[in-house]
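S.K.: Here are the chains, one letter per residue:
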Amino acid sequence: MNDITQGLAEAARLVVTRDPDLVNISLLSLRVTLTALVIASAIAIPLGTMLAIQRFRFRRTVIAVLNALMGLPPVVVGLVVYVMLSRAGPLGVLGLLFTPAAMIIAQVIIITPLIASVTHQAMRDLWAEYHDLLISMNTTKAQRIATLMWDGRRTLLTATLAGFGRAIGEVGAIMIVGGNIDNATRVLTTAIALETGKGNFALALGLGFVLIGLAIVVNLAIHALSRTEREGRW
Amino acid sequence: MTRLLPLHLSGATVRRRGKRLLGPVDLTLDAGRLTVLLGPNGSGKTTLLRVMHGVERLSEGRITWSGPDDIVERDQAFVFQTPIMLRRSVLANLAYPLKLAGVGRATRNALARDWAQRIGLGDALDTPAPRLSGGERQKLALARALIRKPQVLFLDEPCASLDGAAMRDIEDLLRQASSDGITILMATHDMGQARRLADDVIFMVSGAVHERGNAQTTLATPETKALRAFLNGDILP
Ligand SMILES: Nc1ncnc2c1ncn2[C@@H]1O[C@H](COP(=O)(O)OP(=O)(O)O)[C@@H](O)[C@H]1O
Ligand SMILES: [Mg+2]
Chain X
1 MNDITQGLAE
11 AARLVVTRDP
21 DLVNISLLSL
31 RVTLTALVIA
41 SAIAIPLGTM
51 LAIQRFRFRR
61 TVIAVLNALM
71 GLPPVVVGLV
81 VYVMLSRAGP
91 LGVLGLLFTP
101 AAMIIAQVII
111 ITPLIASVTH
121 QAMRDLWAEY
131 HDLLISMNTT
141 KAQRIATLMW
151 DGRRTLLTAT
161 LAGFGRAIGE
171 VGAIMIVGGN
181 IDNATRVLTT
191 AIALETGKGN
201 FALALGLGFV
211 LIGLAIVVNL
221 AIHALSRTER
231 EGRW
Chain H
1 MTRLLPLHLS
11 GATVRRRGKR
21 LLGPVDLTLD
31 AGRLTVLLGP
41 NGSGKTTLLR
51 VMHGVERLSE
61 GRITWSGPDD
71 IVERDQAFVF
81 QTPIMLRRSV
91 LANLAYPLKL
101 AGVGRATRNA
111 LARDWAQRIG
121 LGDALDTPAP
131 RLSGGERQKL
141 ALARALIRKP
151 QVLFLDEPCA
161 SLDGAAMRDI
171 EDLLRQASSD
181 GITILMATHD
191 MGQARRLADD
201 VIFMVSGAVH
211 ERGNAQTTLA
221 TPETKALRAF
231 LNGDILP
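Chains as they are written, first to last, in the numbering used here: chain X, 1 to 234; chain H, 1 to 237.
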């Protein structure tokens, strides 16, 4: 209990004094996660939508693979990315290991299946509802996809928020491929792991509360943005 | 205007999982008539409508429109038994077919507003369509089907679960559409509605056309025993 109150106090102190380390770490967390989120969404949303409305060979296989990937332990993803990016690995020449880019790659791999899978389910339900109408109106494939994505945008937003939550709270893969290097690849989660290991529970908890606060603020901000359209709930 | 009709069906048959749902049906649909499809539940009315509209594939037989394919696809509309509402406003639902056709925003919204007025939803333009009552939804679906002035309109029991007022509104819209020259084929199980609206009737039993003809004579003096029984309200074997 004492640790928790101390953690809260520490969190308050870090925020109020705008501790430069905290600011840097938080900004890097946000930068890495939001970049990964944009890339993952750009892949996952069209993929999930296509899986919902398009019949093609290996469609079921792709869905099964996606679902399996969703359950991948992030540590394993981190390990694989590490091996790929290490100097001796196939992508070693890029020199990306222990950079934010490596962390972004790992996060994209972790959250793309999640976003694609939620998108697929939502778009499949909406497609079932709209199918006859859109066929009857003789829509082109592009028109169908645009209609489904537009009318399902709330669910898509939820999918991306789930991806954000997973990515910003991720520690295992990030630690392996980023290396938790001070002022370079240290983010909130890896800093928390580090401080906990050193026995600085108050600081670790303080960072933890900042992390939670950040996640809540981003969620609220995105929801507020989506509501500015002044449309009621369906 | 390139005419779509007459429409010919020859030997039109639909099988699903080894079961015959429809046919073989031989039928010609002429321009300018309001035809009512009658028949007990499961007699194939929905399947026939969907086949003609092209949302259901034929297993055997042919369906031949008189116009070229692009016009055939563009100039017909379908109102489903359970109206499908896009998760958008009333205005956006009405404007949707125009948007698909590339009509500019100002024009399509103006037209959509006119239609909303005609169906009594002029004050509900911004209401999400899924929130409308059953009658309002069906009127919206009908207006959305008519907004691009189709040559042919198919309706599948559009008044199946509506109250009297909504039914009257829909029948008025259908009469207007018919007198505007739109060819209408509508399934219904409401005999009153058939008598009020139909120029022609088609009576179906177990997937086949059992009797057809001019509405007045056919409904007054049915030739087949099955139609006589159906009009009597008897349970068909
Ligand atoms: N997708 C389907 N698969 C199998 N059977 C179907 C399907 N749709 C309809 N049927 C069957 O086809 C027959 C005709 O149905 P339908 O055209 O809906 O008749 P109606 O509209 O006159 O009630 C019925 O026996 C019905 O049970
Ligand atoms: Mg039916």
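Among these hints, one or two may not hold up.
[As the list claims (entries may be wrong)] In silico negatives: residues of chain H with every beta carbon more than 10 Å from chain X:
#1 G61
#2 R87
#3 R88
#4 T107
[To be verified] Computed, partial: chain H to chain X, Cβ under 7 Å:
#5 V55
#6 L58
#7 E73
#8 F78
#9 F80
#10 I84
#11 A101
Think of the hints as simulated: they come from the structure by calculation, not from any bench. This one's a predicted model, so the numbers in the text were calculated from it and none came from an experiment. We treat Cβ as the ideally placed atom computed from N, Cα and C, and that holds for glycine.
S.K.: A separate judgement is required for each hint: does it hold in the structure or not?
M.R.: Quick rundown of the hints versus the structure:
1. Residue placement check: G61(H) keeps its beta carbon more than 10 Å from all beta carbons of chain X (closest about 21 Å).
2. A cut-off of 10 Å between C-beta atoms contradicts the statement that R87(H) is not in contact with chain X; the least separation is 4 Å.
3. A Cβ of chain X approaches the Cβ of R88(H) within 10 Å, the least distance being about 6 Å, so the stated non-interface status is violated.
4. In this structure T107(H) is separated from chain X by more than 10 Å, as the shortest Cβ-Cβ distance comes to about 18 Å.
5. Taking 7 Å as the C-beta cut-off, the interface hint given for V55(H) holds, the closest approach to chain X being about 5 Å.
6. For L58(H), the suggested interface contact is broken, since its CB lies about 15 Å from the closest CB of chain X, more than 7 Å.
7. For E73(H), the interface hint holds, since its Cβ comes within 7 Å of a Cβ in chain X; the closest pair sits about 5 Å apart.
8. Because the closest C-beta pair between F78(H) and chain X is about 4 Å apart, less than 7 Å, the hint holds.
9. The criterion of a C-beta within 7 Å of any C-beta in chain X is met by F80(H), whose closest approach is roughly 6 Å, and the hint holds.
10. Because the closest C-beta pair between I84(H) and chain X is about 4 Å apart, less than 7 Å, the hint holds.
11. Nearest Cβ of chain X to the Cβ of A101(H): about 10 Å, over the 7 Å cut. The hint is violated.
Going through the hint list in order, the structure does not satisfy hints 2, 3, 6 and 11.
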